[in-house]
Amino acid sequence: GENVEQHPSTLSVQEGDSAVIKCTYSDSASNYFPWYKQELGKRPQLIIDIRSNVGEKKDQRIAVTLNKTAKHFSLHITETQPEDSAVYFCAASRPGNSGGYQKVTFGTGTKLQVIP
Amino acid sequence: ETGVTQTPRHLVMGMTNKKSLKCEQHLGHNAMYWYKQSAKKPLELMFVYNFKEQTENNSVPSRFSPECPNSSHLFLHLHTLQPEDSALYLCASSQVSASGGQDEQFFGPGTRLTVL
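Residue numbers (the working numbering), protein chains in the order written: chain Y, 58 to 173; chain W, 22 to 137.
Hints were generated in silico from the structure; no laboratory data involved. Take the hints with a grain of salt, since some may be wrong.
[Claimed, not checked] Straight-line alpha carbon distances no greater than 30 Å define the calculated DSSO-like cross-link-like pairs of lysine-lysine that follow:
#, chain 1, residue 1, chain 2, residue 2
1, W, Lys62, Y, Lys79
2, Y, Lys79, Y, Lys94
3, W, Lys62, W, Lys40
4, Y, Lys168, W, Lys57
5, Y, Lys94, Y, Lys115
6, W, Lys57, Y, Lys94
7, Y, Lys168, W, Lys61
8, W, Lys43, W, Lys57
9, Y, Lys168, W, Lys62
10, W, Lys62, Y, Lys128
11, Y, Lys79, W, Lys57
12, Y, Lys168, Y, Lys99
13, Y, Lys99, W, Lys39
14, W, Lys43, Y, Lys99
15, Y, Lys99, W, Lys62
16, Y, Lys115, W, Lys62
17, W, Lys61, Y, Lys128
18, Y, Lys114, Y, Lys79
19, W, Lys61, Y, Lys99
20, Y, Lys168, Y, Lys114
21, Y, Lys79, W, Lys39
[Claimed, not checked] Covered by chain W, according to a simulated footprint, are these stretches of chain Y (three or more residues, beta-carbon under 8 Å):
#, stretch
22, 72-84
23, 114-122
[Said to hold, decoys possible] Negatives, chain Y to chain W, calculated, CB over 12 Å:
#, residue
24, Ser69
25, Ala127
26, Ser142
27, Gln170
28, Val171
29, Pro173
Quick caveat: nothing in here was measured; it's all calculated off a predicted structure. The beta carbon of each residue, even a glycine, is placed where N, CA and C say it ideally should be.
Could you put together the complete structure from these sequences and hints?
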């Protein structure tokens with residue numbers, strides 16, 4: 058089955074600095090890579106995603122890169138703000154065996170702390 | 022309430038009790054998922070339903086029993102649980118095409134379960 062590794066597990070940055078979180082995956086059938094942000098006591102929410110036919114995607118201060126050959130993808134947050142403090146999960150998703158659903162494997166999460 | 026809702030939000034039960042968790046999605050999605058989130062572990066996929074049919078059972082013990090009466094509702098029936106089953110149980114839904122096209126999963130707020 059799919060194995061997703063995520064690093065680092067914790068990350069502290071000064072406000073205004075950049076943060077980078079890296080993930081690797083093992084299943085070449087995975088073709089959709091979402092990133093979720095989970096604030097304390099709240100549900101995970103999608104912040105950005107990338108599909109396997111794209112190498113990079115950017116949305117304001119957030120960008121994601123994907124290297125299919127090496128099977129790794131990364132989240133980049135620039136100009137970090139205190140409200141970016143949360144746990145971030147990467148995930149690798151592929152179509153289910155019988156179709157009509159996604160089989161999503163999540164990384165272990167990165168706790169990001171932005172220090173004012 | 023819009024999106025994905027879950028009840029109850031908190032549940033404390035003894036090992037001999039029987040209880041049920043409920044999830045409802047108001048998004049018209051065709052796939053629903055149960056995840057378990059434990060401390061310092063990635064989100065673990067438990068069950069997947071597509072149009073009411075169970076399409077994935079991720080080697081979950083039989084003391085967890087899912088039910089999907091229609092495409093908007095999903096239940097997780099619990100009986101004779103163990104203390105190690107204490108966790109946050111998250112429901113999610115997504116829209117997946119028959120060809121396997123994938124998209125964002127929308128999560129509910131979760132049920133915080135404590136087994137005494």
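### Query
Are lysine 57 (chain W) and lysine 94 (chain Y) close enough, with their CA atoms no more than 30 Å apart?
holds, 17 Å
### Query
Can the stretch 72-84 of chain Y be counted as covered by chain W under the rule of three residues or more with Cβ-Cβ separation shorter than 8 Å?
violated (count 0)
### 30 Å Cα cutoff - pair lysine 62 (chain W), lysine 79 (chain Y)
With a Cα-Cα distance of about 17 Å, the restraint between lysine 62 (chain W) and lysine 79 (chain Y) holds, given a limit of 30 Å.
### Query
Are the Cα atoms of lysine 94 (chain Y) and lysine 115 (chain Y) separated by 30 Å or less?
holds, 16 Å
### Query
Does the alpha-carbon distance linking lysine 62 (chain W) and lysine 128 (chain Y) stay inside the 30 Å limit?
Holds: lysine 62 (chain W) and lysine 128 (chain Y) sit about 22 Å apart, inside 30 Å.
### Message
Check whether the Cα positions of lysine 115 (chain Y) and lysine 62 (chain W) lie no farther apart than 30 Å.
### Response
With a Cα-Cα distance of about 28 Å, the restraint between lysine 115 (chain Y) and lysine 62 (chain W) holds, given a limit of 30 Å.
### Query
Is lysine 61 (chain W) close enough to lysine 99 (chain Y), meaning Cα to Cα at most 30 Å?
Between lysine 61 (chain W) and lysine 99 (chain Y) the Cα gap is close to 16 Å, so the pair holds against 30 Å.
### Pair hint outcome, lysine 99 (chain Y) versus lysine 62 (chain W) [Cα-Cα no greater than 30 Å]
holds, 16 Å
### Task
Verify the proposed pairing of lysine 79 (chain Y) with lysine 39 (chain W), using a straight-line Cα cut of 30 Å.
violated, 41 Å
### Message
Tell me if the straight-line CA distance from lysine 62 (chain W) to lysine 40 (chain W) falls inside 30 Å.
### Response
holds, 24 Å
### Message
Would the hint linking lysine 168 (chain Y) and lysine 99 (chain Y) be met if the CA-CA limit is 30 Å?
### Response
Holds - the C-alpha atoms of lysine 99 (chain Y) and lysine 168 (chain Y) are around 14 Å apart, at most 30 Å.
### Proposed proximity, lysine 128 (chain Y) with lysine 61 (chain W) (alpha carbon, max 30 Å)
holds, 24 Å
Consistency note: the structure conflicts with the earlier hints numbered 21, 22 and 23.
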